[in-house]
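Engineer: Sequence:
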Amino acid sequence: GGGFLGLPTETVYGLAARADDPDAVARLVRLKGSDPSRPFSLHVGSADGLEAAACLPRIVGRLSARYWPGPLTLVLRASAQAEGESGPTTVLRRGLVALGSDGWTGVRAPAQAATAAILKAAPFPVLMTSANLAGEAPALEGQALRTRFTPEDVPMILDGGTAAIGEASTVLAVGPGRFEVLRQGIVSLEELRRVAGRKLLFVCTGNTCRSPMAEALTRHGLRKALESADESTFGFEVASAGVYAGPGAPASANSVQAMEDRGIDLTGHASRPAIDREVAEYDHVYCLTESHREALLSVLPPSAGGRVELLDPMGRDVPDPFGGPLSVYRKTADVIESFVTARMSEWV
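Heads up: the sequence shown begins at 5 in the numbering used here, then just goes up one per residue.
Any given hint could turn out to be false.
[Unchecked claim] Computed cross-link-like contacts, DSS-like style, restricted to lysine-lysine with a CA-CA straight-line distance of at most 27 angstroms: (1) Lys228 <-> Lys203; (2) Lys124 <-> Lys228; (3) Lys335 <-> Lys228.
Since the hints were derived computationally from the structure, they do not count as laboratory data.
Being a predicted model, the structure only gives us computed values, none of them experimental.
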């Protein structure tokens, strides 16, 4: 009916309103004394549809899988697909498009069971904001809402006892060019980066031709996809090694030139061997040929085997350009770049 509902979460109590009712949203802003330029967060019962609705869907998916339901609010930018839809296909997509300021919208899936059930059952999107006036501490108990707000302002309060955590959720803005904690809560920035990003290792024979190019092309591709000058901001770590490599050798001259053609500097590369204990620390290990994969699997523990695969999603080898002319290296770089591009949607 357009009224407000006091609801518990595991962090603090919140005031809930219909996100599709502009009048209710405006009245909630006035009730709280909030800054109207800062939109409230959409609250959902589950992460269904989140990846399809947000930019950088794999990163967002890893974060929601790890922390939802739970004390993390994600400020997301709607994907081009979601922004271009003539009508919402899910509650989540409708919320992302309707609530965002400049395309950004806060979204959270609280862990408090009763509130999550209400959010799942609601046939409309729901926004929530902490149940306090601007400048006041958030309410941690249902009874505190009744002392702060009249029954006319908040007709109904669901009393779920004392909030289990008693601390505001971490608010993380994640999207093209942005991985920023807007409010520090129980989840740290370092932990968020570990979950959001991937540790990627590329392996060939001597770590002077194919794997250095794969490493460089991947880093270049990630920065383009993330719209960031530093992939580590999003938690990504990219490296390369060789199954028979010695330490400290530079990339081959033709590999350096093939990368320079693409505006990528490979002159600082130094080879390193694929040491089993270090390889096992990566989320994904991409080999350039099946023989490289077999060599790694022979020394890695069985538990690490599932993370070792060929760079080509179709399982084809990348031929070794070693000793060939620059034209061969350029063709090899083209092949590697096509495989990296095919993998990018798995990472970002």
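Engineer: Hint by hint, say whether it matches the structure.
Structural biologist: Hints versus structure:
Only pairs whose Cα atoms come within 27 angstroms are accepted, and lysine 228 paired with lysine 203 is accepted, the gap being roughly 18 angstroms. Straight-line distance between C-alpha atoms of lysine 124 and lysine 228 comes to about 36 angstroms, which puts the hinted pair past the 27 angstroms bound. Our distance criterion of 27 angstroms between C-alpha atoms is met by lysine 335 and lysine 228, whose separation comes to about 22 angstroms.
Against the hints set out earlier in the document, a violation occurs for number 2 only.
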